[in-house]
Structures are given as C-alpha cells and as structure tokens.
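Chains X and A supply the protein sequences, listed in that same order.
Residue 75 in this note's numbering sits at position 59 of the first sequence, and the numbers go up by one each step.
Residue 1063 in this note's numbering sits at position 617 of the second sequence, and the numbers go up by one each step.
I should point out that these hints are in silico values taken from the structure, not numbers from a laboratory.
Among the hints, a few may not be true.
What the hints assert, rightly or not - To give an idea of the chain A side of the interface with chain X (calculated C-beta under 7 angstroms), a few residues:
no.	residue
1	501
2	503
3	504
4	579
Claimed, not checked - Cut-off 25 angstroms, straight-line C-alpha distance, at most; resulting in silico cross-link-like pairs (SDA-like, lysine to any residue):
no.	chain 1	residue 1	chain 2	residue 2
5	X	79	A	464
6	A	510	X	122
7	X	79	A	476
8	A	510	X	22
9	X	79	A	471
10	A	538	A	845
11	A	510	X	116
12	A	510	X	48
13	X	79	A	1304
14	A	510	X	59
15	A	510	X	121
16	A	510	X	61
17	X	79	A	465
18	A	510	X	83
19	A	510	X	82
20	A	510	X	31
21	X	79	A	479
22	A	510	X	127
23	X	79	A	522
24	X	79	A	468
25	A	510	X	117
26	X	79	A	475
27	A	510	X	25
28	A	510	X	95
29	A	983	A	1206
30	X	79	A	538
31	A	510	X	50
32	A	510	X	67
33	A	1261	A	1316
34	A	1261	A	1304
35	X	79	A	845
Don't be surprised by glycine CBs; every beta carbon is placed ideally from N, CA and C.
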Amino acid sequence: MTDQAQLLPGTLDLLILRAVSLGPLHGYGILLRIGQISGNALLIEQGALYPGLFRLVRQGLLKASWGTSENNRRAKFYELTAAGRRRLREETDSWNRLAAAITTALGVQPEEI
Amino acid sequence: MKFPAYLRSLAAKLFHRSQIADEMEEELGSHIQHRADDLERSGLGRAEAERRARIEFGGRERIKEECHEAMGGNFIDTLIQDVRFAFRVLRKSPGFTITAVVTLALAIGANAVVFGVLNALILRPLNVPQAQSLYGIERGSDKAINHSYPDYLDLRDRNRSFDGLAAYNVTPVGLDTGNNPSSAWILETTANYFEVLGIQPYIGRFFHSADEHGPNSAPYIVLTYAYWHSHFQDDRGVVGRVVQLNKHPFTILGVAPPEFRGTIMFVCPDFWVPLVNQEQVEGSYVLDARGNRGLLMVLGHLKAGVTPAQAIADLNSIGSYLEKTYPRDDGQMTFSLARPGLAGDWLGAPVRAFLTGLMLLAGLILLAACANLGSLFAARAADRSREVALRLALGSSCIRILRQLFTEAVLISLIGGAVGLWGSVVLLGGLSVWRPLPTVPLNVPVYPDRNVYWFALLLALGSGCLFGAVPVKQVLRTDPYQLIKSGSTVRLGQRITVRDVLLVAQIAICAVLVTSSLVAVRGLSRTLQSNFGFEPKNAMLLETALNMAGYSGDNATAMQKRMIDAVETIPGVESAGLVDRPPLYYGANESNVFTDQTTDLGPSHAAFEAMIYNISPEYFDAAGTILLAGRAFTWHDDEKWPRVAVVNREFASRIFGSAANALGRYFKKKDGTRTQVVGVVEDGKYGSLTEDPQPAMFFPILQSPSSQASLVVRSNRDPQQLTAAIKSTVQDLDAGLPITIKTWNQELDGALFASRTATVALGVMGVMGAMLSITGIFGMAAYSVSKRMREFGIRVALGAQRTEVLQAALGRAVKLLAIGSAVGLLLGILATRVLASIVYQATPRDPLVLAGVVVAMSLLGLVATWIPARRALSIDPLVLLREE
Chain X
17 MTDQAQLLPG
27 TLDLLILRAV
37 SLGPLHGYGI
47 LLRIGQISGN
57 ALLIEQGALY
67 PGLFRLVRQG
77 LLKASWGTSE
87 NNRRAKFYEL
97 TAAGRRRLRE
107 ETDSWNRLAA
117 AITTALGVQP
127 EEI
Chain A
447 MKFPAYLRSL
457 AAKLFHRSQI
467 ADEMEEELGS
477 HIQHRADDLE
487 RSGLGRAEAE
497 RRARIEFGGR
507 ERIKEECHEA
517 MGGNFIDTLI
527 QDVRFAFRVL
537 RKSPGFTITA
547 VVTLALAIGA
557 NAVVFGVLNA
567 LILRPLNVPQ
577 AQSLYGIERG
587 SDKAINHSYP
597 DYLDLRDRNR
607 SFDGLAAYNV
617 TPVGLDTGNN
627 PSSAWILETT
637 ANYFEVLGIQ
647 PYIGRFFHSA
657 DEHGPNSAPY
667 IVLTYAYWHS
677 HFQDDRGVVG
687 RVVQLNKHPF
697 TILGVAPPEF
707 RGTIMFVCPD
717 FWVPLVNQEQ
727 VEGSYVLDAR
737 GNRGLLMVLG
747 HLKAGVTPAQ
757 AIADLNSIGS
767 YLEKTYPRDD
777 GQMTFSLARP
787 GLAGDWLGAP
797 VRAFLTGLML
807 LAGLILLAAC
817 ANLGSLFAAR
827 AADRSREVAL
837 RLALGSSCIR
847 ILRQLFTEAV
857 LISLIGGAVG
867 LWGSVVLLGG
877 LSVWRPLPTV
887 PLNVPVYPDR
897 NVYWFALLLA
907 LGSGCLFGAV
917 PVKQVLRTDP
927 YQLIKSGSTV
937 RLGQRITVRD
947 VLLVAQIAIC
957 AVLVTSSLVA
967 VRGLSRTLQS
977 NFGFEPKNAM
987 LLETALNMAG
997 YSGDNATAMQ
1007 KRMIDAVETI
1017 PGVESAGLVD
1027 RPPLYYGANE
1037 SNVFTDQTTD
1047 LGPSHAAFEA
1057 MIYNISPEYF
1067 DAAGTILLAG
1077 RAFTWHDDEK
1087 WPRVAVVNRE
1097 FASRIFGSAA
1107 NALGRYFKKK
1117 DGTRTQVVGV
1127 VEDGKYGSLT
1137 EDPQPAMFFP
1147 ILQSPSSQAS
1157 LVVRSNRDPQ
1167 QLTAAIKSTV
1177 QDLDAGLPIT
1187 IKTWNQELDG
1197 ALFASRTATV
1207 ALGVMGVMGA
1217 MLSITGIFGM
1227 AAYSVSKRMR
1237 EFGIRVALGA
1247 QRTEVLQAAL
1257 GRAVKLLAIG
1267 SAVGLLLGIL
1277 ATRVLASIVY
1287 QATPRDPLVL
1297 AGVVVAMSLL
1307 GLVATWIPAR
1317 RALSIDPLVL
1327 LREE
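Bound conformation, chain X alone (with noise of 0.2 angstroms):
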C-alpha cells in the first residue's frame, strides 16, 4: 500500500475518462479499472470517485443509465459521451506534454547544461 501514489490534483477526472473510454463501467467497475491498468500504482479512496463521476455529468462528459452487473446486482453504468471523448484526446495530449517536459527537465544532467 505505502508504495502506491497520491493523484496529483485534477489526473482523477482523466482516469475516469480514460477507464470508461474502454467501454461502459459501473462507480466500482471503474475503481478495478484504474487500478488495473495503471498497475495498481495510485491510491484512490473509494468514495472520492462519486463526486467526480457527478461532476462529469454534470459537464457533459459522461452519460450515466442503470444497469445489470456481472455480480447480477443494479448498478449505474457510465460511458463516454462525444463531448467526453473529445476531452479525453485534449486531456491526453496536454497531459503526454507535460509529462514529457517534466520528465526532460527532472533528467537533465550537470554536464547536459
């Protein structure tokens, strides 16, 4: 557990989106998809991920209908809406820049300079 790391501000909402872009998932569903493929490497509290997924809706990224699971119990699915998948390629694209420039900066060498 303690090796796992925190989300820096903002990444939850990209996950979501990214998790569901893999098709529709439940509130529960999308927690075991995150931790799936980012190798169980980031630490989410369970309830955290509701406001999230309400704030999406909300804005339109995600649409939201009640379902059956896999466990065969109700559950509330969500999936990509057009809007959703747009924001997902910008979020993506913005988030590789960064990263890459961080990732630049953070290797840089004494004798690089």
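Given the structure of chain X, go ahead and fit chain A onto it with the hints provided.
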C-alpha cells in the same frame, strides 16, 4: 454543450430532489455491495466483508454532500436552507424584525414615491410616437414659452428643421350639450396639431390643416377619451353631434385615444378646439397681433438627422429676420429648445430642481436607514458571536456564515421593499387621480410603471447588501476558541468604530432633513403673512365668463355694471369691484411702458414691463388695496374722457422717482396712448408669491372693456350664505350665465400650491429623518448600556454617583449626536439655498430656524436616550453581580 447539461442537471436537481437522493443512495450502496462481493470472494464472512467495504468507502454523508455540490444546483439548495433559517431567526426576534422592516418600508416607500413622480414628470416622455425628437420652442434669454400667432406662422413656414410645428393654448370654455351648461378646460390648437404629433383618432376623425380658413372657420371639437367616457358614456354616436360651445354651434369630430391627454403633463384637458376659432372660444381674437403673446406654446418633431443645435441656429436666423422686419413687436428673438410637457423650462426647471432635490433627500433617508440597520445588524452579530463561534468550531466556513447573515439582511430588505412599494403604489395611485385645485384641471398621472418596480427592487437589494456588509469584518475576526473560552468580550474603548461613523452620518443626514423642513415651513408661514397688496380675507370672487353666455362689447359692459349694482344691494356686502384677472391668478398680463418723452416705441426703448389690470371704480375698496395718493376711478372715466391710470408705488418710483411725483404726470402705453397717472396704490404680489416688487398699472374697465372679469365682493357675512345670495341675485339678471363663486383664499390655493406641496413633502421627509435618528440613537445607546451592565454594576458598587454612571453610559451617544447635528445643520444651511427658489422667503439664516433645529435635535436626543438612561440608573449591583 456544457451549459444545457448544467441546466438539465440543475432542473433535475430542483424538481426531483428526493428521487436524486434515493438514486445516489442506491448507487453508493451498490458500490459497497460490489466491494463486499470481492472481499467475500477473498474469504471473509459476508457481514465482515460489508463492514470492511463501508470503512474503505469513507464518510458516506460527506461524500453525498460533495456529490450534491458537484452536481450543481447546490446554490439554490443552500439558499433555500439559508432562507428557512433566516425566517426562523427573524421570527425569534420580532421586535428587531418589525423595526427593520418598518424602517426600510418607509425609506424605500419614500424613494419609490419620489421616483414615481420624477419618472412620470421628467424621465417619461410625452405619450406620443417618437417622443425623443419632440421639442418645444422657447424664446429669449428668459426662456419664455409664449409666442404670438404671427410669429408662430413665420417659424412654421420658414424653418427647415422641423417636420411641422403646432401651437396650443389652455383655456376654459362653457359647453352646453343640450340640457346642462357646464364649464370645461380645453386645449386650443392649430389645426395641424394631431398631424404634427402623429396621433391617430380612437373613433371619428381629427381636424386637419385643411380645415382652417381664417377666423371661426373650424367649429370642431375632438374629445379626450376620459371626457368622452365621463360625459358621453362611451357613446360612439357622438361623432357628428353638434353642441353649443359658448353659445356657438361646434361639431364633435372624434375622440382621441385613451393614452393621449394633450401636450401639457399636469393639465388634463376635456377636449381640443381649433385655435382659429379663438373669438368664439375666448371672446376676443388676437391671432393677427404680432405683439400679443398670450400663452401660445409651440412644439414639433425635429426632422430626421437634424440636431437640436442645427435647429436652434435655423430658428435664430428666422428670429433675426423677424427682429429686423417687425422692430415694434419683436424684441429679442433668439430661440432655444426644451422638452415639451412641463411648459418648457418655465415650469420644467423648478420642478426638475425640486424633484432632484427631493430625490436626493429621499436617498439620504435610505442611506440613514441603512446606517441605522447596519449598526443594528452589527450589534446583533456581536450578540450572536457565540452562535457564530460555535458554528465555526463545528466546521462551518466563514463564507457560509456570512452568506447566512447576508441572506437575513436581503430577506429583511426585500420584505421592507415589498411593503414600501405596496404603500407607494397606493399613494401614487391616489396622487394620479388627485385634483388639488377644484377649478383648474391640474392633475398629474404618476401611475407607477416597470421603472418604479425595478427601482424599488434594486433599492431593496442594494440596501440589504449595504447594511448586511457592516458586520462582515466582525465575523471574519471571530476567533471561536477565544470566544467560547472566555464568553463575549466587548471592547468599548475610545477607538472610533464604523458604527460611530455610521451614527454620526445618520444624525447629520437627519439634521439636514430637519433643517430643510423647518426652513420650508417657516418660509411658508412668512409667505402667508406677507402683504399681497390686497386683503383676501372676507372677500369672495365671482367669476362670470360673459363671453360664454354670448355677451360681447358694450353689451358685456352694461351687464357688468348691472351685476355690480345688483350685488351691492345684497345686505352685508360692503363693496363690489371688477377686475379682468385677479392678481396671483395663474399668470398675469404684462405690457411695455414708455416714458412720455419716448417717441420710438420699439421693445428695446421700453422703460420696463408692467402688470396690467382693468378694474371698475370700486375695485380697490373691494380688494382692500390701499390708495396711497391721488384718486381711484369713477364711472365717468369712460371712453369719452382722457385716458387715466392708477399705478403702484414701484411703478411710480421707477418712472417718476416717487409716489408723490407721479400724480398728474404722463406715460405712454405700447400703442402710444398718453396716459395720465391719477392715483398711486401700494405694491403687491401679482404673478407669483416669490417675485420681487413688480410695477403694475390699473386702467378703468370702461376705457378698456373686458368680457372676462371677476367680481370681488367684500363682506363680513358667512361665505356660504353670501354665495347663495350672490348666485340668486346674478341668476335673476340672466339665468343662463355660468358663474363660479369662491372665497379669495380658495382662489389663492392655486398660487400657494407649489410652496404648500414643497412644504408638505419636506415636512414628511423631516419627520421620517427625525424618526430614523431616534431609533438610531436609541439602538446605539440601549445596546451599549446593555453590554456594559456588569461594568456599571461594579462602578455603582464601588461608589460611583448617578451622574457618573449616566455620563459613562450615554456620554458617547450624546457626543455623537452633537457632532452629527452640527455637521447636519451646516450642510442643511447649504442645501436650503435650492429651496429659496420654490418656497418664498426660505432662508436658513433665520435665528428661529437655527434655534428650532437645535431644539429639535436635542429633543430627539432626549427621547432616544430616555429609556437607556433609565435602565442605566436602575442598576442594582447586587442583583447584577449575582446574575453574571
């Protein structure tokens, strides 16, 4: 894309609140179940798995709260919560709530009323199409609104700036529709009036330029909707009917639409008649006299693209042509433009100045009320500091608490605003149907419109935010731990606090109001006591419009003589005299006067302009005007004898040096007639009560007959009996003669109307200001006494004297009162200069006024501090110390 989604979510949130809460509950529950399923698969028992799942999930209520917030619509939720809470809190302290609501209702109501009047008279244009380009034409440097008809014709035909120019005039007439002769007020207009204004008839048709073919060629009537409604019962068959106007047949052409009631805002005419029929309507025809400037006003729409400045230049070039062509009649012919409706700047300027001043005062009242409520709120916030501290300690944010306080403030101000607005709507409705003077169609429709409602709403919100903001700093400074530990600590050092400043400002404002209302009241009472140059007491005015009954020329003069003789035989009547237009009766006739040596009688060579009165020999006796030298007229001063005049002292001293010098000397009238002065009378008031001494000249009515004259009857008898006696006497002479009989004092109501209204308005403001300062000082003193009860108890226990306690308790309040009053008095003295133009003899440099303000403010202070002082003195240290 984002916004509609937000709106949907907001709407869903608002309309399906419980459903959403249920769904959220179900979703979170489902999450926990899924997690528990996983944990169960890893080998835990179901109960243990669910417990674990719940713990891992985190604080469910907090998350729900965050979800609600994330969903939007939270603002409304919180608002509803805040409003509910505010209602509960306010219900718990009804005294505070009622004080605050009443204060605000009065302040906002006063503002709404003043604004309503301002809006109706000044902001709202005349109700005609394209009112923005409609202008009235004024003449000369003193902005005269009256023009002569020939001048009007030149302006109309020679200008290149207006789409058309119309002229109009107000006058009374007698109307007989078959059985009941009654008098009515009409607008006499040029026939193009309705075309120029672009008004369409409601039924029938209007008269047009094509209807005019010289004197008495257009005997037509267009009714106002109101008159048609009240006198013809909405009868559509009225079109084409012939009625008797001053005994002449006139045809009713049509009815104007309900929203159009002429081009003078404060006059509601009964109908319109073409000006070319002036002889039938007014009894004399002066439309061909270029020098005769009655009350003919001119207005028109500017052509598209023509600026007012261009139009003025255009008019002025016509003016200089007129000056050159008609040097005898046309003096200074420069022109300016003004908004029509308030008779140009003649009435418009003082009305505007007065209403603006009143609006300012009303604004000050609202400010004072806000200052008042601000300190009340601050005091309340201090009292509630424990509650605030508790809420802060329990994790509420500062913003949330401030929001709550603001909600309370705005709620109070909205309730107060609603009550105030309701009151002002009632009052404005009453004002709109009010006809202050029975004989004149004076009436101002000041029905509130959307502007007034918006204004009141804005004021309410603004003042709520204003006084709600006062305790902000206090709340932000609150340190919950300190407060809960040590109880409320009140710092009452010598530091000047915001509340002190507010109180001083408020008292200063109130002192301004009190000063101005006292100045106005004093001015009015002086006006009433001043010398009018006649004695209105014990005098009746009998108005006989002989022209309305078909008399004219010698016929009229003979009838007048018979009336005087008949009235003088009534028992108790001391004297009766005729005057063509009583002094102080809505405007006066004036004419140029020349010295005897002057040969060129152009306007620029005139000695001065003097008031003209045509009177019968007994007039001075009847009016109570004192003859200083020489003689009054006799019935022998008729057309066969040399022209004579009686002048007033001002006239005599201006042209002959002194009253004694004037007797037997000559002057020239405008038409060149040499006139001998045979008598000199005292000065008086002629045009208005506020005028400087004016020269006046009196001519024998036999040498210049007038069919429109009032009979002044002096008698000690009871006015009602006398009225009946005069009526029957006159009707014995001619049963068809329309007459109105009033006491002269009633007649003067018209002349005093402006200053009375101003005085009442200012008086109301002054009383409101005084009430506000009482509550303000009371609140402050009561609060500081209640906060320092323990301290006073200790002081008394240690042997403090009553005076010392009193000083400690109220010294500050009294000091603030003194400072505020002094500042207010100074400001008031500066402000009342404006008043001088409306209320005659209104001067703040009057020891009585100054003393009055000081006494009034001291009294206010005494009343306001009485109860707190009693409370401070009644302290029993034993009881107090035991309780705390």
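Hint consistency between residue 510 of chain A and residue 22 of chain X [alpha-carbon to alpha-carbon, up to 25 angstroms]: Holds, because 23 angstroms separates the two Cα atoms, which is no more than 25 angstroms.
Residue 510 of chain A paired with residue 121 of chain X [C-alpha distance capped at 25 angstroms]: Between residue 510 of chain A and residue 121 of chain X the Cα gap is close to 41 angstroms, so the pair fails against 25 angstroms, i.e. violated.
Pair hint residue 79 of chain X and residue 476 of chain A, alpha-carbon separation not exceeding 25 angstroms: It holds: about 18 angstroms lies between the C-alpha atoms, which stays within 25 angstroms.
25 angstroms limit on alpha-carbon distance, applied to hinted pair residue 510 of chain A and residue 127 of chain X: Given that 25 angstroms is the threshold and the Cα spacing comes to 53 angstroms, the pair is violated.
Supplied contact hint for residue 504 of chain A, tested at 7 angstroms Cβ to chain X: holds (4 angstroms)
Straight-line alpha-carbon gap residue 79 of chain X to residue 465 of chain A, limit 25 angstroms: Status holds; Cα separation ~18 angstroms.
Evaluation of the interface hint that places residue 501 of chain A against chain X, nearest CB under 7 angstroms: With a minimum Cβ separation of about 10 angstroms from chain X (threshold 7 angstroms), the hint on residue 501 of chain A is violated.
Hinted pair residue 510 of chain A and residue 61 of chain X, Cα distance within 25 angstroms: Roughly 14 angstroms between the alpha carbons, so the hint for residue 510 of chain A and residue 61 of chain X holds.
Proposed proximity, residue 468 of chain A with residue 79 of chain X (alpha carbon, max 25 angstroms): Roughly 18 angstroms separates the two Cα atoms, so the pair holds.
Given hint residue 116 of chain X paired with residue 510 of chain A - CA-CA distance at most 25 angstroms: Violated. Residue 510 of chain A to residue 116 of chain X sits at ~37 angstroms, over the 25 angstroms cutoff.
Distance restraint between residue 79 of chain X and residue 538 of chain A, which requires alpha-carbon spacing of 25 angstroms or less: Since the Cα atoms of residue 79 of chain X and residue 538 of chain A sit roughly 46 angstroms apart, the hinted pair is violated (cutoff 25 angstroms).
Cut-off 7 angstroms, beta-carbon criterion: hint that residue 579 of chain A touches chain X: violated (50 angstroms)
Checked against the numbered hints given earlier, this structure breaks hints 1, 4, 6, 11, 13, 15, 22, 25, 30 and 35; the rest are met.
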